[in-house]
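*Asks:* Chains as they are written, first to last, in the numbering used here: chain W, 49 to 171; chain X, 49 to 171.
It is possible that some hints are incorrect.
To be verified - Simulated pairs of lysine to aspartate or glutamate, DMTMM-like, Cα-Cα distance not exceeding 20 Å:
id, chain 1, residue 1, chain 2, residue 2
1, W, Lys89, X, Glu86
2, W, Lys144, X, Glu86
3, W, Lys56, X, Asp50
4, X, Lys56, W, Glu86
5, W, Lys144, W, Asp67
6, X, Lys89, W, Asp52
7, X, Lys144, X, Asp67
8, W, Lys89, X, Asp52
The hints are simulated quantities; they were obtained by calculation from the structure and are not laboratory data.
Number of protein chains: 2
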Amino acid sequence: MDPDALAKAFVEHYYTTFDTNRSGLANLYQEGSMLSFEGQKIQGSQNIVAKLTTLPFQQCHHSITTVDCQPSGVNAGMLVFVSGNLQLAGEQHALKFSQMFHLIPTPQGSYYVLNDIFRLNYA
Amino acid sequence: MDPDALAKAFVEHYYTTFDTNRSGLANLYQEGSMLSFEGQKIQGSQNIVAKLTTLPFQQCHHSITTVDCQPSGVNAGMLVFVSGNLQLAGEQHALKFSQMFHLIPTPQGSYYVLNDIFRLNYA
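In isolation and in its complexed conformation, chain W is listed as follows:
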């Protein structure tokens, strides 16, 4: 699969899982993974998913605007950079966000998220 198609497939999978079954994201992180969520750093799959599943909203829907990817230069890793909109249930306006992922291949031929940085883009 070419890198752009792989990045798009990852992004589709990530945000569909986020929007329908947030605890299912645990499979995408490992112990060394780090999430920076609005400036707060959280390490390890369990802690990251605990953060994501306890965000102060129940339902949300991500709409992706752009996906950029580049090889990360090491271990066939890949950098994926996303921009889009986040619609929370009950809120009138969508929030704009940007997020980047550093994906690392697993021995099983899949990828996991080593680095994840998320920011809302305040208007």
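Given the coordinates of chain W, assemble chain X onto it according to the supplied hints.
*Replies:* For chain X alone, coordinates are given in the frame of chain W:
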């Protein structure tokens, strides 16, 4: 220097150079470096700086809103994620942007930019 301070120092240096002497950015890239600028991929220091110095505006000023950084997990590299505003000379409104850098240490004890992904955040 701790990673957050290093990231902030890099960001300060990068955007000051961009705003005052864009061709000076050549020193920050190498042959293997890649820039994704609004979806266009450009490789190599010379090509990247040619792109940046021929953007369709002469003067600009970046104002940084957030800087996040994480160790990239390999070679003591570092991921730096920036959001901010870009004011072009003669334009009434600033443009919001997000940008990420993958910094790799050099044998000389400095860093160069291996990966650079830039996107405007359209309102």
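*Asks:* Check each numbered hint against the structure and report the violated ones by number, ascending.
*Replies:* 1 and 3
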